[in-house]
Amino acid sequence: MTNEALQKHIGGWFSDPGAVKLEFSEEGSQFLNISIHPDYLHELMWSLKHNKGTHLDYLFCLTGVDWGKELGVVYHLESTVHRHILVVKTLTEDRENPEVDSVQDIWATANFHEREVYDFFGIKFNSHPNLKRLFLTDEWEGFPLRKDYVDEVNMVVK
Amino acid sequence: METTIVNNNFKSEEYFINMGPQHPATHGVLRLLLTIDGEIIKKVEPDLGYIHRSIEKMCERDSYQQIVHLTDRMDYLSSHINNEAVCLTVENALELEVPDRVKVIRTIIGELTRIASHTLWWGVMGMDVGALTTYFYGFRDREMINDIFEETCGARLTMNYNIPGGLMHDVHPNFVKRVKEFITHFRIKLPEYDRLLTGNVIFQKRTKGVGVLTREDAISFGASGPVGRGSNYSCDVRKHHPYSAIDKVTFNEAIKTEGDCFARYQVRIQEMWESMSIIEQLIDKIPEGDYQVPTNAVIKLPKGEFYQKVETARGELGVYIISTGTKNPYRMKFRSPGLSNLSLLNHISIGGKIGDLVATMATLDLVIPDIDR
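Top line first, the protein sequences correspond to chains A and B. Position in the first sequence counted from 1, then plus 1468, gives you our numbering. Position in the second sequence counted from 1, then plus 1152, gives you our numbering.
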């Protein structure tokens, strides 16, 4: 599907797109971007994979981002049938206790990638079966890829 | 801990053992926590981070020219392709069109890298399942490619040749001659690989029907490269999202349907034939022209997000840059093929023996610095 067709198709799933903060954007990106409130993320993701029209069965990249005020997760999805690509983004303003629903029950690859995001950004993924640090030791303090992380000993700042 | 009584009145008990971080079959500092019952594997839990260098964090303070040099330390057997991935992302963001000469040379170098990586894999794969001779055969042939790379860019490992805008310098005058010599040599030597290992009965018994990955699971676990293609999953980035000069050549995507270790093995062997064919189609047709387009000394990407996929020897490498318009990326993510391929190890090893795990690990062709980054 083309980006316009995808946008029309997915836009019809929610009766009130404003309430779930569903927004489409192609600005500054080569793909179609969708942003959604974290509470409705799992519902959207499940439909994106299982709907025949979208059929986004390949989650090829899962990225955590620290936007300063908010923490976000970016999902890059591709369909192995239709070969279209879609980017889903979700943001949470709660930096103390950020929570996003896990999608590892939809795509198995999310299991390790969500652990990586938890390790470096401290974003908790609800209903993840094994949410613990992936690379760092359990006793590590703080989340290194956050922009406000300070380590005066080990970090070389230019 | 679970205890069960078996028929002969002996107790069977599950217990943990460590495989690695210094185990030869883990090819680097990877630690696997195995839960086993006798010799039957119940669970494989990878423990990562022994060689993590926080490359993504370092990128946030480095310039785009510097970032290129960090990437060949990830998957060090695909150095040139990793460098190319970052260069392509930066060039796309700047809307910079590189000359055809650069594209063709990049593709040739990329395919040579793939052959070099696969010959090394073939050598250690044989060694892992008990055939030491393959190691020397593999390294013998890889040596010729390393000599070509040494002459081209001065290094034999963690090589740097690509820069944003093109290549550091033109190819060596001997390049075309030596690449042709290698292809002639390797067309005779590659059938030897089949005679030595592929048809071997012991080898086939160690690999056929072992570590079976279905197509559905391959997609769900985000498998890519020969691991995905061994499971009848067409995932070659060169076919679906062509880059550099790969759209100028014809080649077949190596696909097998069985999904076991032997299928993944056959995919890599066939890929070496295909890579040789790609190089032969291009080596006499390197266009004349410049080998780089000058860029500003300080590269500033426009505000926005940029993503580029390439096919390394291990699978799909993704480079994701979020730029705010400054000289450093705001966030840089490397989607490494190794991490996704490792994540399915537990799934396909359960119920097998430790020896099967070693064969499975060998056909996943893991490079640990690529997983840890």
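Hint data in this document are derived by calculation from the structure and do not stem from the laboratory. Small disclaimer: the values here were computed from a predicted structure and weren't measured. From the three backbone atoms N, C-alpha and C, an ideal C-beta is built for every residue, glycine too. Wrong hints could be hidden among the right ones.
Claimed, not checked - List time: in silico EDC-like cross-link candidates among lysine to aspartate or glutamate, alpha-carbon distance up to 16 Å:
1. A:K1517 / A:D1562
2. A:K1615 / B:E1212
3. B:K1455 / A:E1491
4. A:K1517 / B:E1212
5. A:K1517 / B:D1199
6. B:K1209 / A:D1619
7. A:K1600 / B:E1197
8. A:K1600 / B:E1212
9. B:K1209 / A:E1494
10. B:K1455 / A:D1573
As the list claims (entries may be wrong) - Residues on chain A that point at chain B, a partial pick, calculated with CB under 8 Å:
11. V1488
12. F1492
13. S1493
14. N1519
15. W1575
16. P1612
Stated by the list, open to error - Residues from chain A that keep clear of chain B, each with C-beta distances beyond 10 Å, as calculated:
17. E1584
18. F1588
19. L1599
Hints, verified against the model:
1. A:K1517 / A:D1562: The hint is violated at about 28 Å.
2. A:K1615 / B:E1212: Holds - the C-alpha atoms of E1212 (chain B) and K1615 (chain A) are around 10 Å apart, at most 16 Å.
3. B:K1455 / A:E1491: 20 Å, violated
4. A:K1517 / B:E1212: Roughly 33 Å between the alpha carbons, so the hint for K1517 (chain A) and E1212 (chain B) is violated.
5. A:K1517 / B:D1199: Not OK: K1517 (chain A) and D1199 (chain B) at ~30 Å, beyond 16 Å, violated.
6. B:K1209 / A:D1619: Since the Cα atoms of K1209 (chain B) and D1619 (chain A) sit roughly 12 Å apart, the hinted pair holds (cutoff 16 Å).
7. A:K1600 / B:E1197: Given that 16 Å is the threshold and the Cα spacing comes to 12 Å, the pair holds.
8. A:K1600 / B:E1212: Given that 16 Å is the threshold and the Cα spacing comes to 25 Å, the pair is violated.
9. B:K1209 / A:E1494: 27 Å, violated
10. B:K1455 / A:D1573: 34 Å, violated
11. V1488: 22 Å, violated
12. F1492: Violated, about 15 Å.
13. S1493: 10 Å, violated
14. N1519: Interface hint status for N1519 (chain A): violated (16 Å vs cutoff 8 Å).
15. W1575: 6 Å, holds
16. P1612: 6 Å, holds
17. E1584: 8 Å, violated
18. F1588: For F1588 (chain A), whose nearest Cβ neighbour in chain B is about 8 Å away, the distance does not exceed 10 Å, so it is violated.
19. L1599: 14 Å, holds
Checked against the numbered hints above, the structure breaks hints 1, 3, 4, 5, 8, 9, 10, 11, 12, 13, 14, 17 and 18 and satisfies the rest.
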